[in-house]
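Chains as they are written, first to last, in the UniProt record's numbering: chain A, 1 to 593; chain B, 1 to 159; chain C, 1 to 569.
Worth flagging that the hints you see were computed from the coordinates, not collected in a lab.
Bear in mind that the values here come from a model prediction, so they are computed numbers and not experimental data.
Do not rely on the hints blindly, as some may be mistaken.
[To be verified] Ranges between beta-carbon positions, derived for each pair:
(1) C:Asp552 to A:Thr5: 24 to 32 Å
(2) A:Lys12 to C:Phe196: 26 to 34 Å
(3) A:Ala69 to C:Phe196: 15 to 23 Å
(4) C:Gly460 to A:Thr5: 53 to 61 Å
(5) B:Asp46 to A:Gly188: 17 to 25 Å
(6) A:Asn10 to B:Asn27: 45 to 53 Å
(7) C:Lys501 to A:Ala83: 24 to 32 Å
(8) B:Asn27 to A:Gly560: 53 to 61 Å
(9) A:Asn108 to C:Glu269: 57 to 65 Å
(10) A:Met1 to C:Leu536: 32 to 40 Å
(11) A:Ala83 to C:Arg129: 57 to 65 Å
(12) C:Thr554 to A:Thr5: 25 to 33 Å
(13) A:Met1 to C:Phe196: 29 to 37 Å
(14) A:Ser78 to C:Glu269: 48 to 56 Å
The C-beta atom is built at its ideal place from N, Cα and C for all residues, glycine as well.
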Amino acid sequence: MATVTLTIDNIKVEVEQGSTILEAAKKIGINIPTLCYMKDINAIGACRICVVEVQGARALQAACVTPVAEGMVVKTNSAAVRASRKMTLELIQSNHPQECNTCLRNNNCELQSLSEAMGLKEIRFVRPAQSHSKDDIDNSSPSIVRDPRKCILCRRCVAVCEKVQGVKCISAVNRGFETIVAPPFNQGLMDVNCTMCGQCSLVCPTGAITEVDDTDKVWQALDDPNKHVVVQTAPAVRVAIAEEFGMEPGTVSTGKLVAALRRLGFDSVMDTDFTADLTIIEEGNEFIKRVTEGGVLPMITSCSPGWIKYIEMYYPDLLAHLSTCKSPQQMFGALVKTFYAEKKGIDPANIVSVSIMPCTAKKFEAQRDELKDSGYQDVDVVLTTRELARMLREIGIDWENLPEEDYDAPMGLSTGAAVIFGATGGVMEAAVRTVYEVITKEPMPDINLTPVRGMEGIKEATLKVGDLDVKVAVAHTLGNARKLLDKIRAGEADYHFIEIMCCPGGCIGGGGQPIPTNLEVRLKRIGGIYKADEAMPIRKSHENPAIKAIYEEFLGEPLGEKSHKLLHTYYVPRGVYRKPEGLPDKVPSGDHH
Amino acid sequence: MGAECKCHCEQDNKLDALFAQYKGNPNGLIVVMAAIQETHGYLPKDLLIKTAEELGVPLSDVYGVATFYAAFSLRPRGRHTVNLCLGTACYVKGAPEVQAMLEKEMGIKAGNTTEDRRFSLDLVRCLGACGIAPVMTVNGEVYPRMTAEKVAEVLAKYE
Amino acid sequence: MNFAELELLRATAKEAIKLRLGEEPSDNYKYHVLVCGGTGCISIGCQNTLEALRKAIDSHGLQDTVKVVVTGCMGTCEMGPVITVFPEGYYYCRVQPEDAEEIVTSHLKLGKYVERLCYHAADGSVQPRKSDMTFFKKQKRNALRNCGLINQTSIEEYIAMDGYKALAKVLQEMTPQQVVDEVKKSGLRGRGGAGFPTGVKWQFVLDQKADQKYIVCNGDEGDPGAFMDRSVLEDDPYSVIEAMTIGGFAVGANKGYAYIRLEYPRAIEHFTKALNRAREVGLLGNNILGTDFSFDIEIRVGAGAFVCGEETALLASIEGRRGEPRPRPPFPAVSGLFGKPTVINNVETWANICPIIINGGDWYASMGTEKSKGTKVFTLAGKITNTGLVEVPMGITLREMVEDIGGGVPGGKAFKAAQTGGPSGGCIPAAYLDTPIDYENLAALGSIVGSGGMIIVDEGTCMVDLAKFYLGFTQDESCGKCTPCRIGTKRMLEILERITKGLGKEGDLELLIELANSIKASALCGLGQTAPNPVLSTLRYFRDEYEAHIKDKTCPAGVCKMPRKGLKS
Ligand SMILES: Cc1cc2nc3c(=O)[nH]c(=O)nc-3n(C[C@H](O)[C@H](O)[C@H](O)COP(=O)(O)O)c2cc1C
Ligand code: SF4
Ligand code: SF4
Ligand code: SF4
Ligand code: SF4
Ligand code: SF4
Ligand code: SF4
Ligand code: SF4
Ligand code: SF4
Ligand code: FES
Ligand code: FES
Ligand code: FES
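All chains, please: the whole structure from these sequences, using the hints.
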């Protein structure tokens with residue numbers, strides 16, 4: 001590997017050829033501030049915060065995009081550099097609402113901390129014009145709010161939406177001072193091809209793209225003595241929530257999470273993992289049925305609402321490949337207002353069903369018209385990990401000293417198979433653990449399906465299940481999903497079963513997770529997930545006694561009539577920009593509910 | 001030309017040929033949009049959606065391009081386009097007064113179209129005819145050495 | 001067409017224009033009457049003049065001895081419609097249809113030129129022929145060699161004027177490296193503004209190994225007040241087409257793009273016609289002149305964004321995207337159009353290539369100053385008598401430009417400053433009128449040669465207002481990608497707006513300067529990096545005018561509308 005030697009702040013450093021000044025500086029412990037830069041995803045040199053002095057260059061250079069050269073002499077801290085960064089920040093702030101105190105990103109905002117770090121003291125411009133006003137706020141989506149006033153046009157959101165998700169429903173619009181990042185025709189996110197995945201909200205350095213804050217709705221329900229408020233927690237939340245209270249990413253805090261929710265006053269704290277196990281039973285049986293009876297293959301998982309909206313828009317012709325299983329959140333919701341209500345003798349009209357999700361798309365999912373099989377909206381309010389943390393801070397939770405508590409029955413018991421739903425490959429691994437044993441009626445020799453674990457974009461494996469060679473594939477991010485779907489469309493995919501998760505790393509990297517969520521953090525959370533799996537006494541869904549019980553008591557059998565009504569759903573071919581022609585209104589068509 | 005044409009069949013043929021030429025090729029975006037602008041006088045939303053689909057460009061990019069370039073208009077334009085040069089030569093020779101008079105006569109601010117769609121008034125930066133500044137064009141016809149006094153007389157020629 | 005056929009065509013074509021070159025023609029024509037059909041003259045009614053002339057010539061039965069030719073801009077657009085009568089080169093200005101009869105009866109029939117239509121200099125002297133005119137005397141025309149002398153889209157007339165001689169030479173006698181060496185030797189620097197040595201740029205691209213390379217002609221000419229590129233594209237399109245073809249041969253590209261701004265419909269029309277003609281006769285396309293060298297050119301029309309003149313933005317625009325500049329490196333020479341090595345040169349740069357190939361790099365380098373070789377086209381506009389298009393050797397003084405060529409400031413007003421380089425440039429006040437114009441000297445004065453736009457302003461111009469005008473322009477044309485330019489130019493403009501409204505306050509100038517320097521140092525592309533120049537340069541030479549606005553609430557030039565003196569903001 002060819003290397004280059006340069007001098008940064010009088011320190012000699014040798015780096016790989018093609019590195020940037022930013023990377024070289026990092027190597028010797030100099031952190032050059034950045035705003036628009038995102039490794040591998042966004043290197044456009046737009047914000048100009050990272051400027052440095054390069055000897056011999058006419059102007060300052062952006063460290064994030066300037067490649068090193070032999071003998072280069074760089075100053076990262078000269079007076080000119082400091083003055084320029086400060087002026088750039090002052091300019092940004094001069095076109096920015098000064099409302100940190102009431103901003104969702106207060107205390108976790110890159111612009112705010114930079115202003116503090118750079119010692120910005122004053123904004124000297126007189127009544128500076130503002131490029132955007134409150135009228136420009138986009139509240140159309142149940143998942144995500146855009147506030148262009150706070151946008152610094154770093155375009156990290158655009159890059160993620162385009163390069164990671166392959167969607168690009170937002171783009172730079174207008175030019176000059178009027179430039180704005182927005183959906184086409186100034187429509188709301190709800191009216192365009194947004195998947196609601198929230199990846200943009202994870203990478204936004206400011207409060208310009210955030211989750212919709214639904215905490216007030218939950219407070220209201222909790223404060224209402226006539227309401228029975230039930231909460232479920234998704235697998236990926238337990239390995240992330242602690243970050244909001246200063247703990248290491250990946251810290252497994254299931255018990256503290258339960259305790260904290262009780263402190264908030266929920267009447268019952270149960271686990272989405274329970275319905276994750278249930279999903280495995282239903283989906284596993286559906287898969288076996290498709291294989292044995294010649295159904296549509298490959299079958300694709302359906303628990304990620306970002307992914308579901310994506311396929312409905314971009315590949316409506318392939319909807320029959322989706323498992324008809326609802327996501328665990330929605331199975332849970334449907335059961336709360338039927339099974340649970342019955343068991344507890346509570347009028348479902350008085351139940352408020354809340355879920356804590358790593359996900360912004362789940363907010364959209366909960367509002368889908370077809371997900372009302374209990375006779376009510378199955379899930380009433382979805383909170384992201386970040387919103388839950390906000391509520392907990394409001395009541396002054398002392399996370400470190402919280403006790404560990406257990407989930408409530410009857411939907412609190414779960415297995416290691418359910419926990420791993422939170423990481424890419426997890427649903428596949430959980431399903432295989434069950435399908436293998438259901439088909440072969442023998443214990444699986446090694447239940448750790450390592451080929452489908454990890455951050456590689458598309459993972460494949462072939463497993464011998466009885467006399468069948470089951471070929472599976474796992475993809476995370478919609479960009480990778482697209483590759484598999486194109487293969488299916490072209491008739492080149494000989495897989496039986498595919499898992500697709502919308503977000504990088506799966507739900508541990510979901511759009512509602514604590515900020516920052518980057519590769520390093522994702523890997524740590526994945527580590528937490530597998531640690532939690534291993535710590536579970538039961539690690540296969542079909543061995544969960546509570547699952548066996550619910551079939552006996554309430555559901556009957558997998559894929560049976562009641563299961564079908566409450567646990568399965570249909571999909572809507574949407575098209576990207578307009579309804580596709582020649583496709584039914586829903587898939588599977590026919591009489592579903 | 002385009003103004004009398006109601007059904008756009010000829011134009012559509014031209015566009016279809018372009019769509020075919022640039023099928024799946026994002027590089028054709030501006031060429032196609034310029035053709036739409038020329039044949040329709042603006043960029044109708046349905047045609048932009050079609051452009052996105054045919055060329056394989058995200059609609060957000062199509063819109064981003066449409067709003068970047070001054071030549072593209074998202075709203076129907078007037079029957080007559082008045083371009084007033086506000087380049088340096090024209091500016092120092094009195095174009096701002098001409099602008100004020102045009103805006104007064106038309107009752108609109110530059111960059112807009114009159115209620116009756118008779119005129120669209122745009123400011124341009126140098127038509128490359130600085131020798132005869134200030135310069136104004138109506139539907140491409142050049143009016144040299146414009147003054148505020150001449151404005152009404154010129155506009156009267158266009159119904 | 002092969003080489004022999006080209007020379008054959010040249011021989012016949014040359015016969016037909018000999019009279020214009022001062023040689024004895026072998027045909028029956030006694031006069032060539034050249035009518036300027038440039039944009040300036042057209043807009044002022046040369047069409048009617050042309051018709052009247054033709055009618056008069058016919059009615060006097062002179063159609064077989066007098067040839068009427070429509071040409072491109074002759075350079076004195078302010079005095080249009082202009083006609084030149086050869087062989088002597090009598091130059092008539094502001095020729096109205098009513099004047100046609102007299103020109104025919106007196107000049108074309110009796111050989112007596114019409115004095116009242118001739119150019120009258122400021123001192124009242126009459127300068128009847130081109131060769132008498134001070135406007136032309138100090139000029140040296142390379143890039144504009146054919147403008148105003150030949151029919152704009154006639155490939156025959158172009159070939160008659162040594163057109164395609166350079167390409168033939170290159171294809172028959174030279175290696176790509178020799179072509180690049182010749183351009184290097186000429187010392188030609190890019191005429192688009194930055195002044196980068198053209199040969200060096202070509203060498204970069206020649207040295208790249210790639211399956212595909214591109215040639216691009218930058219015809220976006222956005223500097224308000226500059227129109228030399230328009231003139232070349234309209235009036236001598238083949239000179240650019242031939243040069244791009246040579247460029248393709250030199251660096252190993254077989255495809256070129258000419259990016260021409262939408263505001264130049266006639267340039268697009270003429271260039272398209274010329275491309276078609278060149279293809280028709282085998283001077284463009286496959287197997288040019290029967291060799292195995294192929295090269296073709298496609299036009300891309302700009303869609304109205306000044307920033308697309310910046311090379312990386314221009315490439316993005318050709319690729320169908322928003323014209324947003326990107327950081328360099330990689331430079332277009334390494335990764336340009338569609339990611340391939342690309343030569344991108346300005347129209348005027350291209351227009352200089354053929355004469356350099358024909359006459360040699362040394363010939364070109366013999367003109368101009370030590371570091372700024374050759375000739376440069378300037379557009380003179382604003383408060384100057386002879387507005388128009390001129391080409392002069394580098395090193396001519398500003399005074400010669402303004403007084404001798406430009407005929408001074410009209411209306412008895414005093415010269416105040418020359419703004420060069422448009423919105424990226426600066427002003428040069430009267431004290432520096434004797435500065436020789438070249439890249440280095442103008443830079444030292446805080447301005448630039450830029451694309452060659454030269455706006456003259458007189459005492460009636462407010463420099464604060466002028467700076468505000470330029471900043472308004474760049475602020476409007478900012479692509480909005482980077483912070484310093486997007487927000488910084490807006491804030492600078494706001495300050496200037498306050499000042500010119502009499503609302504300036506103490507500290508404004510300091511903040512303005514601090515902001516200006518910061519934007520210059522940190523903006524992503526040339527637009528932002530140079531946008532503050534007009535402000536800094538007017539502040540450098542006319543700070544007192546700024547202070548009068550702020551402290552005394554008066555506009556010394558009487559341009560800005562100020563509240564009554566003493567009124568507190
Ligand atoms: C904002 C901006 C506008 C520019 N506009 C033009 C232009 O209109 N025409 C041009 O030839 N070069 C223009 N340039 C310069 C080009 O980027 C580039 O340097 C030039 O086309 C190279 O050709 P040359 O070396 O022949 O000059 C512009 C540069 C900037 C930064
Ligand atoms: S985005 Fe950041 S800087 Fe802006 S108001 Fe919110 S916290 Fe403050
Ligand atoms: S940081 Fe300053 S402005 Fe913000 S709340 Fe505290 S005292 Fe107030
Ligand atoms: S939510 Fe996802 S799809 Fe929607 S804009 Fe953000 S990144 Fe793109
Ligand atoms: S919304 Fe956020 S991420 Fe997107 S451009 Fe604006 S500041 Fe950057
Ligand atoms: S991967 Fe998880 S977090 Fe992301 S959209 Fe799907 S369910 Fe939500
Ligand atoms: S497009 Fe064709 S049919 Fe339509 S109006 Fe024009 S000519 Fe007639
Ligand atoms: S008021 Fe007059 S002198 Fe003052 S800046 Fe304006 S134009 Fe110039
Ligand atoms: S300097 Fe201005 S024009 Fe150039 S990239 Fe920045 S914003 Fe765009
Ligand atoms: S971080 Fe380098 S320019 Fe934004
Ligand atoms: S400035 Fe108006 S035509 Fe050039
Ligand atoms: S256009 Fe006729 S002299 Fe310039």
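- Query: Which of the stated hints cannot be reconciled with the structure, identified by number in ascending sequence?
  - Reply: Hints 1, 10 and 12 are the ones this structure does not satisfy, whereas the remaining hints hold.
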